[in-house]
Amino acid sequence: MADGADPRVKLPASAAPGEVITIRTLISHPMESGQRKDGEGNVIPRSIINRFTCAFNGAPVIDIAMEPAIAAAPWFSFDMRVPEAGEFRFAWHEDDGSVYEVTKTIALA
Amino acid sequence: ASLLPFRASAAAEDAIAAFTGGAEAGSGGITLTAPQLARSGAAVPVSVEAPGAVAIALFATGNPAPGVATFTFGPLAGRRRVATRIRLSGSQEVVAVAKMENGSFTRISLPVTVAGRGAARQAR
Chain A
1 MADGADPRVK
11 LPASAAPGEV
21 ITIRTLISHP
31 MESGQRKDGE
41 GNVIPRSIIN
51 RFTCAFNGAP
61 VIDIAMEPAI
71 AAAPWFSFDM
81 RVPEAGEFRF
91 AWHEDDGSVY
101 EVTKTIALA
Chain B
1 ASLLPFRASA
11 AAEDAIAAFT
21 GGAEAGSGGI
31 TLTAPQLARS
41 GAAVPVSVEA
51 PGAVAIALFA
61 TGNPAPGVAT
71 FTFGPLAGRR
81 RVATRIRLSG
91 SQEVVAVAKM
101 ENGSFTRISL
111 PVTVAGRGAA
121 RQAR
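Residue numbers (our numbering), protein chains in the order written: chain A, 1 to 109; chain B, 1 to 124.
Any given hint could turn out to be false.
To be verified - Below, computed lysine to any residue pairings styled on SDA-like, alpha-carbon distance capped at 20 Å:
(1) A/K10 with B/L76
(2) A/K104 with A/T22
(3) A/K104 with B/L76
(4) A/K10 with B/G78
(5) A/K10 with A/A55
(6) A/K37 with B/P64
(7) A/K10 with B/A65
(8) A/K104 with A/A91
(9) A/K10 with B/R85
(10) A/K37 with B/A65
(11) A/K10 with B/P45
(12) A/K37 with B/A42
(13) A/K104 with B/G78
(14) A/K10 with A/S28
(15) A/K104 with B/G74
(16) A/K37 with B/G90
(17) A/K10 with B/A83
(18) A/K10 with B/S47
Keep in mind that the hints were calculated from the coordinates and are not lab data.
Bear in mind the structure is a predicted one, so any value in this text is a computation, not a measurement.
Just chain B, with the same shape it has in the complex (with noise of 0.2 Å):
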């Protein structure tokens, strides 16, 4: 049961596109880095780098609010990663999309099992 396909909702992919400005995201150039199983959503550790990125958006799909962070990163950005913890509202697919200094978008997502009850509550 816990490998039910995950699902980005409509409310994702338009958070998404908003920041891609509609245009279509690759794949390849990003990795992200989050637990399979978060014992509680309430801060799940994730890491995310792409590196030639000039920013890098984060979402949480099943959130009831998919937006989670963008990070732009300037001149002076090492590699270009940052590590966060973030807010689950249960099992989902969490996604980044980084975009790159030609213009282009990559992106890639991660489902989370999340264990637990309390957690979602504290999420929402």
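Isolated chain A (complex conformation) (with noise of 0.2 Å):
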């Protein structure tokens, strides 16, 4: 597990039903590609987060694989039509097999 990986979602706190809005998610992480090399020529073991999901009332929003060329702190930037109040749960799934979650909650405006 990389030390300090902060999850982050910004979403708006309701939406009217049927409404588009857009998530921003961030996560702290340094995304070690795996091709980099160590001052004594040894290869940094790549070490990434691989996917991200978000989903709402158990429904699938947005399932992102993720491969070394993301950036580092992996930022992502999506829209999703809200179709009543209910419950996020966005989650970042790393190499080693750690998963960072966050959940959040939407009101109808």
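Assemble the dimeric complex from its two separately framed chains, guided by the hints.
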């Protein structure tokens, strides 16, 4: 597990039924590509967040498969149509099997 | 000199074919936004949108490994749009390929010039 991975999510506290909202997510992570070498010429092993998912009341919103070409501190902005009030579950999956999760709720305006 | 044609590597075309299952990708119905000139390749902002797409894959054709990310949209996705920041090991063409609801594919590419050297090292 990377030290201090700090997942963050920004979304509105409420939305009108059927409204499309923008969700922004960020996690602090070096996304070590596995292609760099240390000072002695040894390859630094790959260690990245390889998958991110967002679900709302159990239904998938987006599922992102990541390669090392995603920049350090993976950031995403995407859109979602809000059908009802409910709970978001965000999950970031790391190469070593660690999963970082965030839940957020949204109310109907 | 900066206007030399960008060429997609064989590895990139293989990665794209793996996403499309070998199907020919058309054009249109997809937009890709990235800076023409990036000061650094360490975190280049890109945005892609394809109305009606079920998935969009991004490729950096000049990187040592061309795959960048695959975005799969669920039924609750609003606009079929994603923005993120990617690593580019140098000036190259960025390609986005969308899989549409009817199973067809559409693709778009955009040349990005990366200035500076330290970025290339980080991106590798």
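Hint check results:
For the hint linking A/K10 to B/L76, the alpha-carbon distance of about 17 Å falls within 20 Å, and the restraint holds. With a CA separation close to 14 Å, the supplied pair A/K104 and A/T22 stays within the 20 Å bound. Restraint check for A/K104 and B/L76: the C-alpha separation of about 16 Å stays at or below 20 Å, so the hint holds. Restraint check for A/K10 and B/G78: satisfied, since their Cα atoms lie roughly 16 Å apart, inside the 20 Å limit.
With a C-alpha separation of about 15 Å, the suggested pairing of A/K10 with A/A55 holds against the 20 Å cut-off. The straight-line distance between the Cα atoms of A/K37 and B/P64 is roughly 15 Å, inside the 20 Å bound, and the hint therefore holds. Restraint check for A/K10 and B/A65: not satisfied, since their Cα atoms lie roughly 31 Å apart, outside the 20 Å limit. About 12 Å separates the Cα atoms of A/K104 and A/A91, which keeps this hinted pair within 20 Å; it holds.
Of the pairs offered as hints, the one joining A/K10 and B/R85 holds, with about 17 Å between alpha carbons and a cut-off of 20 Å not exceeded. Simply put, A/K37 and B/A65 have alpha-carbon atoms about 16 Å apart, close enough for the 20 Å limit, and the pair holds. Note on A/K10 and B/P45: the hinted pairing holds, with a Cα-Cα distance of about 18 Å set against a maximum of 20 Å. Taken as a hint, the A/K37 and B/A42 pair is honoured in the structure, with Cα atoms around 17 Å apart against an allowance of 20 Å.
At roughly 18 Å between alpha-carbon atoms, A/K104 and B/G78 fall within 20 Å of each other, so this suggested pair holds. Taken as a hint, the A/K10 and A/S28 pair is honoured in the structure, with Cα atoms around 15 Å apart against an allowance of 20 Å. Only pairs whose Cα atoms come within 20 Å are accepted, and A/K104 paired with B/G74 is accepted, the gap being roughly 18 Å. Of the supplied pair hints, the one linking A/K37 and B/G90 holds, its CA atoms being roughly 18 Å apart against a limit of 20 Å.
Using a Cα cut-off of 20 Å, the hinted pair A/K10 and B/A83 holds, with the two alpha carbons roughly 14 Å apart. A C-alpha spacing of about 18 Å is found between A/K10 and B/S47, which places the hinted pair at or below 20 Å, so the restraint holds.
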